[in-house]
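If you're matching them up, the sequences are chains A and B in order.
Just so we're aligned, residue 0 is where the first sequence starts under numbering that gives the first Met the number 0, counting upward by one.
Just so we're aligned, residue 0 is where the second sequence starts under numbering that gives the first Met the number 0, counting upward by one.
Check the hints yourself; a few may be wrong.
Simulated crosslink set (BS3-like; lysine-lysine; CA at most 27 Å straight-line) [claimed, not checked]:
| hint | chain 1 | residue 1 | chain 2 | residue 2 |
| --- | --- | --- | --- | --- |
| 1 | A | K249 | A | K223 |
| 2 | A | K211 | A | K223 |
| 3 | A | K348 | A | K336 |
| 4 | B | K2 | A | K61 |
| 5 | A | K223 | B | K2 |
| 6 | A | K348 | A | K211 |
| 7 | A | K285 | A | K249 |
| 8 | B | K24 | A | K61 |
In short, the hints are calculated from the structure, not lab data.
If you want the building blocks of each chain, they are given just below.
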Amino acid sequence: MTPKTNPGPHSCDLAIIGAGPAGMAAAATAAQVGLKTVILDEGDRPGGQIYRDVEQTTAQRKQVLGSDYTAGGALAAALRASDAVYLPRSTVWNISSKRLIDYSLDGTSFQLQASAIIVATGAVERPFPIPGWTKPGVTTVGALQILFKSSGIVEEDAILAGSGPLLWLVASQMVAAGSPPVAVVETTPPRRLQAALPHILGALRGHHYLRKGLSLIRAVRRAKVPVFKDATNLEVIGDQDATGLQFISKGQRRTVSARHVALHQGVVPNPQITRLLGCDHYWDSKQHCFRPVTSACGLTSVEHVYVAGDGAGIMGAISADLQGRLAAQDIATSMGKSPPERSDRLAAKLTKDAAIRPFLEALYAPAPDVMSPADAVTVCRCEDITAGAIRDAVDLGAPGPNQVKSYLRSGMGPCQGRVCGLVVATIIAQRRSVSMDETGYFRIRPPLKPLTLQELARFQPTQELDP
Amino acid sequence: MAKRIDGVSETVSFSFEGQTLETAKGDSVAAALAVTGHRHLRNSVVSAEPRGIYCMMGTCFDCLVEVNGVPNVQACRTTVQDGMVICRQSYGESGQ
Chain A
0 MTPKTNPGPH SCDLAIIGAG PAGMAAAATA AQVGLKTVIL DEGDRPGGQI YRDVEQTTAQ
60 RKQVLGSDYT AGGALAAALR ASDAVYLPRS TVWNISSKRL IDYSLDGTSF QLQASAIIVA
120 TGAVERPFPI PGWTKPGVTT VGALQILFKS SGIVEEDAIL AGSGPLLWLV ASQMVAAGSP
180 PVAVVETTPP RRLQAALPHI LGALRGHHYL RKGLSLIRAV RRAKVPVFKD ATNLEVIGDQ
240 DATGLQFISK GQRRTVSARH VALHQGVVPN PQITRLLGCD HYWDSKQHCF RPVTSACGLT
300 SVEHVYVAGD GAGIMGAISA DLQGRLAAQD IATSMGKSPP ERSDRLAAKL TKDAAIRPFL
360 EALYAPAPDV MSPADAVTVC RCEDITAGAI RDAVDLGAPG PNQVKSYLRS GMGPCQGRVC
420 GLVVATIIAQ RRSVSMDETG YFRIRPPLKP LTLQELARFQ PTQELDP
Chain B
0 MAKRIDGVSE TVSFSFEGQT LETAKGDSVA AALAVTGHRH LRNSVVSAEP RGIYCMMGTC
60 FDCLVEVNGV PNVQACRTTV QDGMVICRQS YGESGQ
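Work the whole structure out from these sequences, hints included.
Now the structure itself:
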């Protein structure tokens, strides 16, 4: 194979990483005011996970996924119509402190020098390590939805287990697709509604979210899907592949058979790039995740590096769009361009859209046992490291995730801690009785995703340019 | 099993573990294997325990398969091409 020519420019005013709602909106806004803009995304088509394959969806899928999904089509169309250079199938694997980006496209690596960067890499699912969660037939709930969005495929014999709005959304979509889940097993602890009630005024300001949530739950109930509440002690059963789920619900031991078990505990920011760039992060005790420290416009603690969308903290797709525009406008202003919208109006819309969040965060905070699995449970799926091994490493003197990684290789496999990171940090913090901020997180190093040696050998990096 | 809710206008054929299968054009390898009922895609390099798709968004690297002789290909991020030869990725009990 001969090295291909660079598919994009060598330099740009603004590089955006990720083509979900935040990235698409930022790209269209930046290009509109005349910034030389490049948007890199791993997917084949724009949309991210929330609007995955929205450009080529079918009438049947639209009917199931609803207008909140199809609304993403306008963002994708605006990106396509803009002058932004859109690079699909492009995986960013390193960014230097001077914002020189290394990315891989179809097996060849290229470079892009950016004056400013918006990290719009969204969220990943919070890990939910239970006995048997590595068995074939166990996926995230998000995975089921992606199968549906991109291929119209629905599992006919699936249990949905865990907590959070997405659990009910996917359950209701399966009902609408004619294959209701075998059961919904909810781990939301009792009395959570009471805990969330003090936030009801905010929730009423975001009443369309409340109404939608209630309608999802009603649709699942109407379809007579068995719902098991207050579930604890979940365990996937099956000799090799999953054959069902065992759990305790309201004091009673239950076993439900199914060919597929989908797990969910909400979503958390994907921290890889903001961590790689050394942005400051803090532990958000309401969202139960680390978030990058940002200004109102998404500027991180690192000069010229912004974050927009769920990567800055979980706010959902509408806020992601607004944040993308705010960040792009801030960058445009700093480069002497006049922004197309009033930033204070965007910020006001953002405040309004976020009004539901404190209510949802209180209602769906992960149950305490979710992040502290039993000793025998595998936590790091890549390297098959158990919670017990991590606790032993802490007892031997490992004070944080990076030392545990050196001891055990947890977080050193191909996923680089994307799946297990938060649980590893939580286990360490609990074992040492210290805060999450003091415990910290894995140091993220390049390459952000595995590369072949052949690709690295062929890679011809340019000299770093002084910005 | 998994089913499709909409019609398939164009199909491609591929093989998994020597078995010839068909799927809709445009499907990822992971989707094609899910809809044809294949869940065990590899064995863990450490414990040799079976693994399958997990996140479907390129994050977890659990769906690694061998495609046309190339190992460690993410099934969820690879589109099935006509005639693709896909194999389960197994390293045996020793973990190598």
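- request: Run the structure past the numbered hints and jot down the numbers of the failing ones, going up.
  value: none
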